[in-house]
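Novice: Put the two chains together into one complex, using the hints given.
Protein chains in written order, with our numbering: chain H, 1 to 281; chain G, 1 to 365.
Check before you lean on any hint, since a few could be wrong.
[As the list claims (entries may be wrong)] Not close to chain H: a few residues of chain G, all C-beta gaps over 12 Å, as computed:
#1 Q95
#2 L113
#3 A119
#4 L196
#5 Y235
#6 F242
#7 G295
[Stated by the list, open to error] Not the full set, but computed from the structure, chain G residues with beta-carbon under 8 Å of chain H:
#8 A63
#9 L65
#10 T69
#11 S72
#12 L83
#13 P84
#14 P85
#15 N91
#16 T92
#17 F94
#18 A98
#19 G112
#20 T256
#21 Y316
It is worth saying that the hints were derived from the structure and are not from the lab. Since this is a predicted model, take the numbers as computed values, not measurements. Note that the Cβ used here is the ideal one computed from N, Cα and C, for glycine as well.
For reference, the chains in residue letters:
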Amino acid sequence: MSSPVLPRGSAKLGLTVNAWLIYLFFYAPILLLVVFSFSADKNVGRWGGFTFDWYREFGQNDGVQSALGVSIRVALVSTLVAVVLGTMAALSLERFTFRGKKVFDALLYLPIIIPDVTMAVMMLLFFAQFFDLLDAWFGLSLSKGFGSIVISHIAFSISFVSVVVRARLAGMDDTLEEASMDLYASRWQAFRYVTLPLIFPGVAGGALLALTLSLDDVVITQFVAGPGSTTLPVFVFSLIRRGVTPLINAVSVIMLAISIVLVALSLFADRSKRASAKVSN
Amino acid sequence: MTVRPTADFDTAIDAAVSIGRITKKFGDVVAVDNISLDIVDGEFFALLGPSGCGKTTTLRMIAGLEFPTEGSLKIFGEEVGMLPPNKRPVNTVFQNYALFPHMSVIQNVGFGLKMNGVAKSEVADRAAEALEMVRLGGLANRRPSQLSGGQQQRVALARALVNRPKVLLLDEPLGALDLKLRQEMQEELKGLQRELGITFVFVTHDQEEALTMSDRIGIMHEGKLLQVGSPEQIYEKPSNRFVADFIGNTNLLEGTVQDAETVCLANGARISVASDHPAGTAVAVSLRPERAVIGKHESSGNGQTSVNGVIRSVTYLGNAVVYQVELDWMTLEAREENRTSVTRREPGQRVSISWNPQDVAVVAE
Ligand SMILES: Nc1ncnc2c1ncn2[C@@H]1O[C@H](COP(=O)(O)OP(=O)(O)OP(=O)(O)O)[C@@H](O)[C@H]1O
Ligand SMILES: [Mg+2]
Chain H
1 MSSPVLPRGS AKLGLTVNAW LIYLFFYAPI LLLVVFSFSA DKNVGRWGGF TFDWYREFGQ
61 NDGVQSALGV SIRVALVSTL VAVVLGTMAA LSLERFTFRG KKVFDALLYL PIIIPDVTMA
121 VMMLLFFAQF FDLLDAWFGL SLSKGFGSIV ISHIAFSISF VSVVVRARLA GMDDTLEEAS
181 MDLYASRWQA FRYVTLPLIF PGVAGGALLA LTLSLDDVVI TQFVAGPGST TLPVFVFSLI
241 RRGVTPLINA VSVIMLAISI VLVALSLFAD RSKRASAKVS N
Chain G
1 MTVRPTADFD TAIDAAVSIG RITKKFGDVV AVDNISLDIV DGEFFALLGP SGCGKTTTLR
61 MIAGLEFPTE GSLKIFGEEV GMLPPNKRPV NTVFQNYALF PHMSVIQNVG FGLKMNGVAK
121 SEVADRAAEA LEMVRLGGLA NRRPSQLSGG QQQRVALARA LVNRPKVLLL DEPLGALDLK
181 LRQEMQEELK GLQRELGITF VFVTHDQEEA LTMSDRIGIM HEGKLLQVGS PEQIYEKPSN
241 RFVADFIGNT NLLEGTVQDA ETVCLANGAR ISVASDHPAG TAVAVSLRPE RAVIGKHESS
301 GNGQTSVNGV IRSVTYLGNA VVYQVELDWM TLEAREENRT SVTRREPGQR VSISWNPQDV
361 AVVAE
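With the rest of the complex left out, here is chain G (with noise of 0.2 Å):
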């Protein structure tokens, strides 16, 4: 397998799929705003977002179930925005599998294949071959009603991967599967797909799964995109307070950009965090529960990357411990890992929070 360079993402050279500006309207709701987006040849994309954002009809815009109201929609290239499904390289695992009642598991494999005219006996091989890949080998002659969800959802993969898609289309494949086969398939897709080298485009709704799986996670609120990037830039330097908000639990710090360095919060203290907006313009700064430290009150004293509070409540989660801090304007969440170096706080105790300059993220609307 060739080594891809990971790190230039905006060339759209050897974009798999390139979506320029495209907008979906379903009479007055605008399902998807004016996206542009490159999703590079190999990698595991994932669009992430609340119920509604739009991702599904993302996804099949570019599967050509959907055409767009506008903008210009690439597959290598090669502009295919109007092209009926069956004529694009792309193919999609659905939500419900989408399996066919009447056939068995290897005629559900092999569909493809036959709809493309290729050979009986290389349909039936290749079909075969599939199924090994997904391990259900012995269960080819099976109806899709008598296997499990898991086995469902493996032959909804093998059926997609058996035509070598270009791209590969998966929308929350996952999401009907309890949590000990969800992390198994989890595995297995993101070893299949890095076996393969196909490019896939995931939709999901759960962070954590984008998070662990992709290569670069999309962000989506309402029709739009707000911020692509990879996992680390997504959670580390989001680029909004949806982002910040949505992926992973935050603290919000309200306040007004004073200077390039400083930031003034709500209560009065500036604190000392780099940003690129404007002065007065009304920002929050994102700090994450663990990465706030808990200290003795009035530690640090500078009041640049600290605020004092007093203890509200102690969750004990078992590996982690999590404290609410209730600050004179507003309520923090600081998270500290479970070991016995750590000293247990108790409700009431005065405390300081503070943080590394670099821990923190100004966002903005």
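This is chain H alone, in the form it adopts within the complex (with noise of 0.2 Å):
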């Protein structure tokens, strides 16, 4: 291999100020975010000495506590079937050929592709409708909120957990299946030993995609919410309508830390899988 050829001068300057650049931008507000979370002054932007103050409101504020409950509920719940739903769909697409197999690809795809807000009014429609006709014919009468927001959840994760897991299906040698097999697995046995261990770093990496999905999403979740279950990114974007506070800071320091987790998570596993595969004998 060649070694890489070092910038010198003019180039080297200016890749040094790119780099600072790039980094200004992308931890700048970071840091505000950060640094204002401890501001004791109501203001949001306006220093005003150290304090925990928001942390403890966070803790004791019941508002922000259910929303965070909501939040985590509905991005595990969504996570899991989504992770089941998508795996299945990604399977029967890569092992199977079935009638309607090309437009069932090509459908999968589309929650990728619409925006959200279309998404989200699709959404609120469907719900309409759906809890008249259950009022009509079963006189059950329902109305949106943790399951709404699940399912509208489900919907969009579908796809994303499905691509990823394809990717994977794509770049694994079939006739491994097939040597389960004749080694007297049955399919179950044959996707339980075999299939689900060589695909899971994409499942697991769907996973991941759908509870960040689940917990950033807004827009969506905004329409199909009801009064009483709100997740934790709308409840904070209703806080902003009504008066900020540096309780947002605060939150929104949580969220990102949650995301911080959840990312290193995902490269912890990822790292100490290829570390097994690597340390044997």
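Specialist: Shown next as structure tokens:
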């Protein structure tokens, strides 16, 4: 391999400046956010001395606490369902031929392309009609809330999961499944002992993606959330409308921390997996 | 070990695999075309043919990885044509080995036993034993990616044999190995087969490999099974043109059958050779280069077991010398062992090519 060429003179200076600019764009806002989440002044952007008050309030504010709870539950449930359904969709598309496969394939990608707002309006309409129908036919009166948020999140997460899992499946040698069945594995055992372990990085990646998407979503959730069940991002949004306090800085920092932990986890999982593959004998 | 009868191959009574009029179509492509074949218990059977002739498809149908479009498939008398692979008493060594990359060598080998519900301690013992058998005892905890091609090959073999299958299927298992290793593995495979007495069905497109290793060979071409026989039968008495040409080198002298004893060659010469084709059939007389005897011009004279020609080129192979001899209607190849007693010929020399009547075979389309 050729050794990398080191930049010199003005090129070196330009690259250095560029790097610093990028860091500035990326991290200055984050830094500001973190700093001001410890500011005692009631105004969001003014420094009033160091305090933990906003974090204390985060822990005590019922609205924040219930929104956080909803967010986490929605994210967990929708991720779980989306991972199962998305993986199954990926498997059926990669392993089998069936009628309408091309159409199914194309439709599966749709939620990735559809703008959030469109998706949100679609879901809103859907639930309105659906609840009316249930009411008319079975006399059930349901309203938007936890269930509708979860269903909407599943709807957009499935696509992302199946795309990630499919990429992994496509790279897998399918004689491995045949070999396992030749060695007396049933279809389920072949999946359990051969396919799943081999596509696991894809499944885990898809799950993390679904988790992050669900935790971050504002637009769609805002349309389908009902009174009494809002997720954290939607709650923050409504806080801004009511008048901003540095509480939202603290909330944002905590959400940022959760995201960072998730990403770190995924990196760590990947790393340790590779390491364990290397270290043997 | 019991001594098995080798002469009587026609009886389907002790057939390990019995294939009856099997056809496999992929859409419009007929991959396997109405094949019938009995593979005897305990024999080393090779399926030989050029690329795309349907060898792999046949093997995959026996394994259960492909289902026949038509026909019956029995393993030790039991119809299995539509059984899934995990319900069949056969195991496969795949061409690319298909070792599970996320499992250690020993886990790979123990996989079949585990799936079969064998107790854990027994799985460990038998897997270790199988690894010893292929001389890989020390590498039990490695991953397949940390093994050489030959070692992976042995793991694949152990992984299949540990289950004590009634029939072992091998799809070009030596295809990816270099020549030296290939020859080593040929011996090892043959030895294992003799020792274990398991029926081996071995797919290859390498005729030398098939000839040296097999008890019997089946020659396939374009989905059809052209001839089944011992290596000698296939080489000495090919049943048709394709087989004669595919196995080894041969000269095909075109002609037509005159009567049961005579074939009239394209140049009008009548040569005496036995054939069971009706008079008038277009045939070729197959003469192997090493069976062609080079002699003095016009020496044998009678024209019944010789032809005259001129040497066009001489190729020195070290252990042998190959001559291209031009007749006025075709070119023949003749091969002489490189012994000091044999005189070397020069290009341009006029010679005769003769043969023993039992050394040639008459083949039709
Ligand atoms: N899954 C499939 N779909 C369509 N056609 C197939 C399929 N599998 C095999 N074929 C066709 O069937 C024919 C026989 O294929 P097969 O793999 O049995 O050949 P082969 O004798 O094993 O050749 P090779 O020596 O190259 O491995 C080929 O023409 C091939 O293109
Ligand atoms: Mg093949």
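Novice: Evaluate each hint against the coordinates.
Specialist: These are the hints, each one checked on the structure:
no.	hint	verdict
1	Q95	8 Å, violated
2	L113	9 Å, violated
3	A119	15 Å, holds
4	L196	18 Å, holds
5	Y235	33 Å, holds
6	F242	30 Å, holds
7	G295	55 Å, holds
8	A63	6 Å, holds
9	L65	5 Å, holds
10	T69	17 Å, violated
11	S72	21 Å, violated
12	L83	11 Å, violated
13	P84	7 Å, holds
14	P85	4 Å, holds
15	N91	6 Å, holds
16	T92	5 Å, holds
17	F94	6 Å, holds
18	A98	4 Å, holds
19	G112	4 Å, holds
20	T256	49 Å, violated
21	Y316	45 Å, violated
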